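J.: Make a model of the complete structure from these sequences and hints.
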Amino acid sequence: MTLLSVDHLCVRYGAHEVLHDVSLSVERGEIVTIVGPNGSGKTTLLRAIVGAVAPYAGTLTRAAHLRLGYVPQRLHIAPTLPLTVERFLNLPKSAPKPQLQEALVRTKTTALAKSQISDLSGGQLQRVLLARALIVQPNILLLDEPTAGLDQPGAAEFYQLIDTLRRDTGCAVLMISHELHVVMAASDRVICLNGHVCCHGTPEHVSSAPEYRALFGTGTQGALALYRHEHDHSHSHTHSPHDHHHAHGHPIAQKEEAGL
Amino acid sequence: MFDDFMTRATVAGLGVAIAAAPLGSFVVWRRMAYFGDATAHAAILGVALALALEISVFAGALAVALAMALIVSGLSQRGYAMDTLLGVLAHSALAFGLVAVSFLAGVRLDLMAYLFGDILAVSRMDLAVIWGGGGLVAALIAWRWSPLLTATLNDDLAYASGINPKREQLVLTLCLAITVAVAIKVVGILLISALLIIPAAAARPFAKTPEGMAVIATGIGALSVILGLQGALILDTPAGPSIVCVAAICFALVSATRLLQRP
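Sequence order for the protein chains is A and B. Counting from 1, position 213 in the first sequence corresponds to residue 213 in my numbering; the numbering is continuous, with no gaps. Heads up: take any position in the second sequence, counting from 1, add 1000, and you land on my numbering.
Note that these hints are calculated values from the structure, not bench results. Predicted model, so just to flag it, every value in this text is computed and none were measured. Some hints could be false.
[To be verified] Estimated spans, in silico, between C-beta atoms of each pair: (1) B/E1211 with A/E157: 29 to 35 angstroms; (2) A/A63 with B/E1211: 34 to 40 angstroms; (3) A/E86 with B/Q1077: 27 to 33 angstroms; (4) A/V105 with B/G1132: 45 to 51 angstroms.
C-beta: ideal position from N, C-alpha, C; glycine also.
T.: Given below as structure tokens:
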């Protein structure tokens, strides 16, 4: 059953077209990962799906009674705002006790319930955000770079948690990730985005696709692949959509990526 | 019971405090302090217009404050550099308002009353307007509390929960304009922001939840009104500024205590 489908979506910020003719769908229970360089429109795509940006053209279709859990890329709470984890989980609607307990237990955040959000570490906050997304008992989870800012064991643990959740509750997952080695291991399908869908399919298919290799280099087993792709190549849609070859052979790490 | 001018003043001050404290909490959380200033300063232009057109000062101030609040709110959603823009708008509005007032014969002497309030002169009619407006603001915020709070945390999180953050922003904008219009009589245009921000800031260290902060801020606001008025009576000081002084002293005491407690 298709939970969510995006058809020929275009999104513009002013005159700048961020997404062009993007189509994808998510089926029940599958893990789909979106990869792509910075500025490729990944976050914009998720924002369009939750309704935070209006499509310029194209349609977004949700299955009837779709319950959607969303984990934003980051949550910055002003230090002037006192907020406990428990209160946060009850926003905007107060959550039924059993659902609340289950979300806390699944994300191992029960001990944090009385903590102030501002006192949490990056990994704890990420699990609390996930807990809040679970309150509605979602049949699809949207995660925007859920492990950004976590160290490698922390990230591995988080993906393990996602996998367990999918297995236990059967919810589908649509996530953005930069960690290609994890993506390849943990996803059913991968969508390579760069303003448009460059290529998509099983991890094996995508990692061997020339479009993907042009963006991320040839090595997919290591995170180093990430450092190899040419970052600032323009992707003009007036050219052939798969014209990435000029991006080959740039072994120099981009400065901002080296800090990842 | 409203025969005594002190009673009327106290009741008027409390009417503003119940609106200003919870609204002020949102102003603090959303970093809208300058936004409050711009809206309040625009109100002097509204006062001038109301006097010129011989309509109610409350209505004139409300209309112009609302117009300014909508402009600022619209610009903020377009991503302008807000601190500069608000600085420009807040002070230009005040300057134009003061110039406009100077064209009106006879009003110049009353200017101080609009800038710093004239709480000891509130009439029964003023009381009705203040409690009507203050009550409306408190009720609006109570009604929209959860969506407002969600939208304050994160726009995208709000959208994902089916809340439109722009609509919630509009609610706050409307509340701000009403609060400004009813508070002119009490603390005056220049000190309205103080009544929004200081009680909320003083309440922050005591609060564990947003609701707690709004309630404590209301308490501090009410206390400031009562003590400020009594102080003004005893020391023969201007009433509006005295109220703000008490709130500021509360804030200073709270902050000092916090500093001393820190290991």
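J.: Could you run down the list of hints and mark each one as holding or not?
T.: Now for the hints, and whether the structure bears them out:
Checking the proposed 29 to 35 angstroms range against B/E1211 and A/E157 shows it holds: the Cβ atoms sit about 34 angstroms from each other. Remark: the range hint 34 to 40 angstroms for A/A63 to B/E1211 is upheld by a beta-carbon distance near 36 angstroms. Distance hint for A/E86 and B/Q1077: a CB-CB separation of about 31 angstroms, consistent with the stated range 27 to 33 angstroms. A hinted range of 45 to 51 angstroms for the beta carbons of A/V105 and B/G1132 is consistent with their spacing of about 49 angstroms.
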